[in-house]
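There are 4 protein chains.
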Amino acid sequence: MINGEKKIKQPIRWAMVGGGRGSQIGYIHRSSALRDHNFQLVAGVFDIDPVRGKDFGINIHVDPKRCYQDYQTLFREEAKREDGIQAVSIATPNGTHYEICKAALNANLHVVCEKPLCFTTKEAEELEALSKEKNRIVGITYGYSGHQAIEQARQMIENGDLGEIRIVNMQFAHGFHSEEIEVDNPSTKWRVDPKVVGMSYVLGDVGTHPLYLSEVMLPDMKIRKLLCTRQSFVKNRAPLEDNAYTIMEYDNGAVGTVWSSAVNAGSMHGQKIRVIGSKASIEWWDEQPNQLRYEIQGKPVQILERGMNYLYESALIEDRIGGGHPEGLFEAWSNLYTRFAEAMEAADEGKEYTGIWYPGIEAGVEGVRWVENCVRSANEGAVWVEYQ
Amino acid sequence: MINGEKKIKQPIRWAMVGGGRGSQIGYIHRSSALRDHNFQLVAGVFDIDPVRGKDFGINIHVDPKRCYQDYQTLFREEAKREDGIQAVSIATPNGTHYEICKAALNANLHVVCEKPLCFTTKEAEELEALSKEKNRIVGITYGYSGHQAIEQARQMIENGDLGEIRIVNMQFAHGFHSEEIEVDNPSTKWRVDPKVVGMSYVLGDVGTHPLYLSEVMLPDMKIRKLLCTRQSFVKNRAPLEDNAYTIMEYDNGAVGTVWSSAVNAGSMHGQKIRVIGSKASIEWWDEQPNQLRYEIQGKPVQILERGMNYLYESALIEDRIGGGHPEGLFEAWSNLYTRFAEAMEAADEGKEYTGIWYPGIEAGVEGVRWVENCVRSANEGAVWVEYQ
Amino acid sequence: MINGEKKIKQPIRWAMVGGGRGSQIGYIHRSSALRDHNFQLVAGVFDIDPVRGKDFGINIHVDPKRCYQDYQTLFREEAKREDGIQAVSIATPNGTHYEICKAALNANLHVVCEKPLCFTTKEAEELEALSKEKNRIVGITYGYSGHQAIEQARQMIENGDLGEIRIVNMQFAHGFHSEEIEVDNPSTKWRVDPKVVGMSYVLGDVGTHPLYLSEVMLPDMKIRKLLCTRQSFVKNRAPLEDNAYTIMEYDNGAVGTVWSSAVNAGSMHGQKIRVIGSKASIEWWDEQPNQLRYEIQGKPVQILERGMNYLYESALIEDRIGGGHPEGLFEAWSNLYTRFAEAMEAADEGKEYTGIWYPGIEAGVEGVRWVENCVRSANEGAVWVEYQ
Amino acid sequence: MINGEKKIKQPIRWAMVGGGRGSQIGYIHRSSALRDHNFQLVAGVFDIDPVRGKDFGINIHVDPKRCYQDYQTLFREEAKREDGIQAVSIATPNGTHYEICKAALNANLHVVCEKPLCFTTKEAEELEALSKEKNRIVGITYGYSGHQAIEQARQMIENGDLGEIRIVNMQFAHGFHSEEIEVDNPSTKWRVDPKVVGMSYVLGDVGTHPLYLSEVMLPDMKIRKLLCTRQSFVKNRAPLEDNAYTIMEYDNGAVGTVWSSAVNAGSMHGQKIRVIGSKASIEWWDEQPNQLRYEIQGKPVQILERGMNYLYESALIEDRIGGGHPEGLFEAWSNLYTRFAEAMEAADEGKEYTGIWYPGIEAGVEGVRWVENCVRSANEGAVWVEYQ
Ligand SMILES: NC(=O)c1ccc[n+]([C@@H]2O[C@H](COP(=O)([O-])OP(=O)(O)OC[C@H]3O[C@@H](n4cnc5c(N)ncnc54)[C@H](O)[C@@H]3O)[C@@H](O)[C@H]2O)c1
Ligand SMILES: NC(=O)c1ccc[n+]([C@@H]2O[C@H](COP(=O)([O-])OP(=O)(O)OC[C@H]3O[C@@H](n4cnc5c(N)ncnc54)[C@H](O)[C@@H]3O)[C@@H](O)[C@H]2O)c1
Ligand SMILES: NC(=O)c1ccc[n+]([C@@H]2O[C@H](COP(=O)([O-])OP(=O)(O)OC[C@H]3O[C@@H](n4cnc5c(N)ncnc54)[C@H](O)[C@@H]3O)[C@@H](O)[C@H]2O)c1
Ligand SMILES: NC(=O)c1ccc[n+]([C@@H]2O[C@H](COP(=O)([O-])OP(=O)(O)OC[C@H]3O[C@@H](n4cnc5c(N)ncnc54)[C@H](O)[C@@H]3O)[C@@H](O)[C@H]2O)c1
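Protein chains in written order, with the working numbering: chain Z, 978 to 1365; chain R, 978 to 1365; chain F, 978 to 1365; chain A, 978 to 1365.
Bear in mind the hints are in silico, worked out from the structure with no lab data behind them.
Yeah, the Cβ is synthetic: ideal placement off N, Cα and C, and Gly gets one too.
Cut-off 30 Å, straight-line C-alpha distance, at most; resulting in silico cross-link-like pairs (BS3-like, lysine-lysine):
no.	chain 1	residue 1	chain 2	residue 2
1	F	Lys986	R	Lys983
2	F	Lys1042	R	Lys986
3	R	Lys1042	F	Lys986
4	A	Lys1249	F	Lys1202
5	R	Lys1249	Z	Lys1202
6	F	Lys983	R	Lys984
7	Z	Lys984	A	Lys983
8	Z	Lys983	A	Lys983
9	F	Lys1256	Z	Lys1256
Stretch-level coverage of chain Z by chain A, calculated; a stretch enters the list once three of its residues show a Cβ under 8 Å from a Cβ in chain A:
no.	region
10	1033-1046
11	1257-1270
12	1287-1301
13	1305-1317
Per label pair, the in silico range of CB-to-CB distance:
no.	chain 1	residue 1	chain 2	residue 2	range
14	F	Lys1057	R	Ile1025	43 to 51 Å
15	Z	Asp1040	A	Val1028	32 to 40 Å
16	F	Glu1357	Z	Asn1286	44 to 52 Å
17	A	Ile1035	Z	Pro1041	25 to 33 Å
18	Z	Lys1276	F	Glu1059	51 to 59 Å
19	F	Thr1097	A	Lys1212	35 to 43 Å
Kindly generate the complete structure, drawing on both the sequences and the hints.
What follows is the structure, encoded as structure tokens:
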């Protein structure tokens, strides 16, 4: 049960790059990080426009002097202060993640980075090496993974409740970009511009989310090969896809699929994961995150509810309000930020982090790798490629 | 509104081959055919065991003298009678459909044949040619297509309610054969025996059902190429698959997927079809067949209900009980058998059938062709093959 | 498993009064009775208009000579025949049930009577006495009770799966008469005319349906007192109510509620029953009749599915198609008509009926009694009345 | 769209009484109040045990010197400071609300008080008068009302989307106290002790929640009379009820019902409200708070989703994350605390509050009054009583 009592000794002095006024994802970062005194927001470069960024910073109680004009200045100036920042979150468009993350690590900062970490496995592995060298945490905000049902699912699979895993079906298939709305919508515009997002749109933008859920649930299963076919139903988006199917073979003989889409007309998120074993299946849907379907072959389907005593203990420790009360995405992110804080504290103290798993640098690397493999397959004519 | 009043002038004198005591599917054939005086059950070879078959026939009020020992005798003897049968339904295991169907057509009988019609496109086309030559109807019992929601969906698509069609996702993925139950279960045993079912298990056994729904809804879209990967999670089933994914490209640039499975642990039928257009999507699930989801992008999801005035007229003519009252699979099959009867009458009178569509010989051919293409793709290493 | 094989030695020679062309409920009577060779439709007075009635009879294969002009003639003429009718179903508007039922019993016929049996407990008890004297079966078509989930629920309660029963919440609350549609709709017009329906509209028309489900599930619990408040939201319906709440106290200390409504705008049927015990609850909804929710306190909710092996044996014997396949209201009614036939045969043979329960004359009496008590309470100012 | 930018000029200096370690509801108060810089937690009496209370305060970053031993000291000492508290939240067991609230108002503090405000209408009206005299805000944490769907519902009704309102069905019926768990559970123990909770258990504890939702949605409808029947299924709880039904008549001829229960075995919250008009109904369920069912008679049911453009503007202003992303109870409470802050600021500045409605002192009074009337009715034998 989380009740707001401190989980770490001192709140971490923290800044944001991006996530300013009007941004989609900035608020949930702050709301989650600041919730339980694990972080303290003391500086930032909230906006590409420094004036608007400072004005925004003031409104969220950041010292105007510490609202900088760019991330380079932020890192440089804060490094000079005794009470300078210890960690930074990066919530800017995709094309900037690599350089900002690298600069932050070089400035000896812990990092929370938006997905995707960067565009190529090469870059990703470079960041991974750097973070190890510097002994700095890099957390990736695969926010849905913070829902308690995901840990419950992970435990059930580990405990063998499903039997041997055979099939993993995943999808994140919304309909919000069924039309060419990027013409008028800046937040969508950059998402379909290869210069900003690299070689893929929906694979990276949405597909990696359920993929990460599968990595959490099935840590021992490795993709051996995959095949991906992608389409641009809104023509002007080519070569970037707005719909894609990926089929994967795992090393243990299991198969998996991911449907990534932004043209699933009428659907809200459509993010689901179903893991099928020889004895039972579980299914989770991010729009009703407090429930987890548990379907044992030959038995009545069961609906597991967040916060109930019949869950595994590790799926209960982050409960904040008890069963029945709906927790939402903000609680999921808060759970991740709490784990990030604990991992950062451990790193600072030279201790090993013993808490619950979190999406770290390897998760960031893996997402990039998967997109790269998918694109390679798709570009070669939707053929099978060995997973590299 | 159907109320039992005759749809055709005289009930069709009708026999069954197969569908005897203990069979899975025999009762729904009889129940549907006999419901509204469109057929009259006068003869049959209900069982591979003639003694049990005759005993069964007596119990369902068939003249014992017309309970024959095999289909050859049935066709021969009935042909001699003035009041001999006019039509026959074939509900035997798959491996016998081709020969019985051919014999029935050669005996100048109308046929209702279980799916799959046969095992190869070559055979299927031969039966198609024969049925045309003889001017005999062949109906295929893709029973789910008789639900009124399917006609509603067809109309909505034809009317452009969904915009241009982009994606068709299909699945029939149950969990009843997650374990090797065929060891003890004869009705499952033949389903996984290549000698009886040909080159495929779930593709033909379940995948063709939603595929046919897509043919009804999207009559103008043709598959151009496809790719199929299949697995045998219960090892002894190899080379027959108990799970398969198929990806298809249509000639108009749309894509489609079919997930066919018998190892989707904990799932009942799991038969669903979702058609996604540029403006809206529809989704239908065979376990709740009285509802149809209609999701217009940017609008609240709507749940359409069977029997309500807001539906297209052709989706209401087969209503038997009014909205709210749940109709089930038996009504769906009854609708098909009624259409079969009307088509048979039209053929007999040399008139053109002007009623609502039904799964005819082309549907039988197409199902066989699709399985054949899937298997070819899978066997060549899950590669793309041109649809032949 | 029902497969159409005869359940009784000889089909019962059967007639209908009412249920003609355009009637709401006639077809489901015929469809259910005739389904499995338990009844044979040989005569009838299908319509208040004899000409239309005969024309209709011909179309459903009844001998024109046996399509009579009124029920008196039907009973008289059939009595003269050796192969005269043995049973009759009454599907006319409510105001005629009493007299037709009485006449039928006096003609030594078994009866299937639509609800309500009649208008007063006095009349009802008279019919009950008469049916006993004559040793004739009277079945009441509380059709929803034929769904297999109802028997499952009954068994679960009997077996103590719910613990001690505390609360029974019922509702049948549709929205089809939210406006004054009776102005144009004859099938609704008589329903709100006290001369035809007696002292109540929705209490009798819909409320008695879930009430009967509770009688099946809880045969030992007796209503001790009740309170009813009723409203006429469409003003011209007064004194007949289009909405009513009833609260009941049972002799064992349990409480129950019934919400009866025709003005629940936007709702289809809205027929539900929830039985709450000290350990668990069950809930059933007639629009999804193949599922039964089973909610054990402190455990995940379970969804029980029709046709599955984990159900009680008596909830499986009427399965016709296996789990997963949706059965509908027609199967529910067919189950009841089969039980009626078996009970009729037993009565004719002077044997005791040992089959599964069915809604018999007592159910008819009880429905009338309940409405009478509700109306009495409502008319006295919605006060508590002892249940008489 | 809320993004964390300040809504008021200066965060309000704020304290809590109750809500300490292990309490059920303390964390959501803090989490909501502190979220967006509208409040600053500077003092408190978090626990009945001052030592544990101070330890807790330290852990949530409150100055140890301002962790007081009782509320009297808190109010007295803070009054002496220039930077003393301006507002206090009361999250103690029910029996203490009246005195603490009164003391707070007398100390010129704004108050956020847990429900129920107190035990008698007389006390409640006294507090109301005092708050007016002092010009201090009293907010009541009917937290569910902060969900955006509630404002959407209110607007739809005001706009006439439902037609004339006829029926309001409410329930809050969980199953967590189906057994006598209070024997071992202190948080439940006081809830069934008349000395601590007054004359009612579930009516006050849960019934008032949906009742308040109805007050928001239907501000012009007044209860004219009501009838309540209550039961103690766990015997030792008598005279306090663990289940109750209330029927209400409104001045405009509409009727309403409330089912309050703690013995609805297997149910999580079971909090629902359905408002039925002459044209359409809406239904909302607190466990899936991001959806609102909109059922127009004769049209397909629509599922409205939080955060979507088709909602009324006032139902969108508190969106924090966009449609599809599930918001939870924490966001609902945050919305209320934001409104409280704005109302407090307005009061301090002598301005009229022009923001969105919030549960204020009248809501507190009304809840008490309703329970009082229910209990009066129940105690007189479940008879109709004029609403006083
Ligand atoms: N984890 C998730 O679920 C999730 C959800 C949405 C977005 N995202 C990711 O978050 C990132 C941001 O997405 P968004 O939708 O909030 O984008 P957005 O376009 O809505 O906002 C981007 C913000 O970054 C600022 N910015 C841009 N360049 C900057 C720079 N060089 N320095 C400082 N600030 C800069 C902009 O001014 C703006 O405030 C993307 O990488 C996206 O993929 C993740
Ligand atoms: N359309 C559908 O939804 C659906 C559903 C289930 C089965 N089926 C198809 O129906 C067919 C039968 O399947 P089932 O599950 O009922 O099989 P089953 O094994 O349960 O029953 C087969 C029946 O055919 C009889 N039979 C076998 N060989 C015969 C012969 N040579 N002559 C006469 N009778 C013979 C058997 O005695 C038995 O009564 C199969 O082709 C199957 O694919 C279709
Ligand atoms: N059990 C259920 O679920 C259910 C559902 C609907 C109706 N009902 C009951 O069924 C009965 C009929 O309802 P309906 O909706 O079908 O009514 P309806 O008005 O649609 O049809 C009544 C039929 O009875 C015929 N009829 C009327 N008087 C007759 C007479 N004296 N002799 C012969 N025929 C006569 C009419 O011509 C018509 O065909 C009612 O008692 C009703 O309460 C029961
Ligand atoms: N609005 C809602 O949805 C909601 C939900 C739950 C509880 N509540 C209400 O919140 C209140 C608290 O309920 P809870 O479930 O959190 O109770 P709880 O028993 O879990 O916690 C009560 C807390 O108050 C402290 N306390 C008790 N007396 C005190 C005093 N005199 N001074 C200071 N602290 C004191 C206790 O030490 C404890 O920390 C109740 O009035 C309850 O009705 C409201």
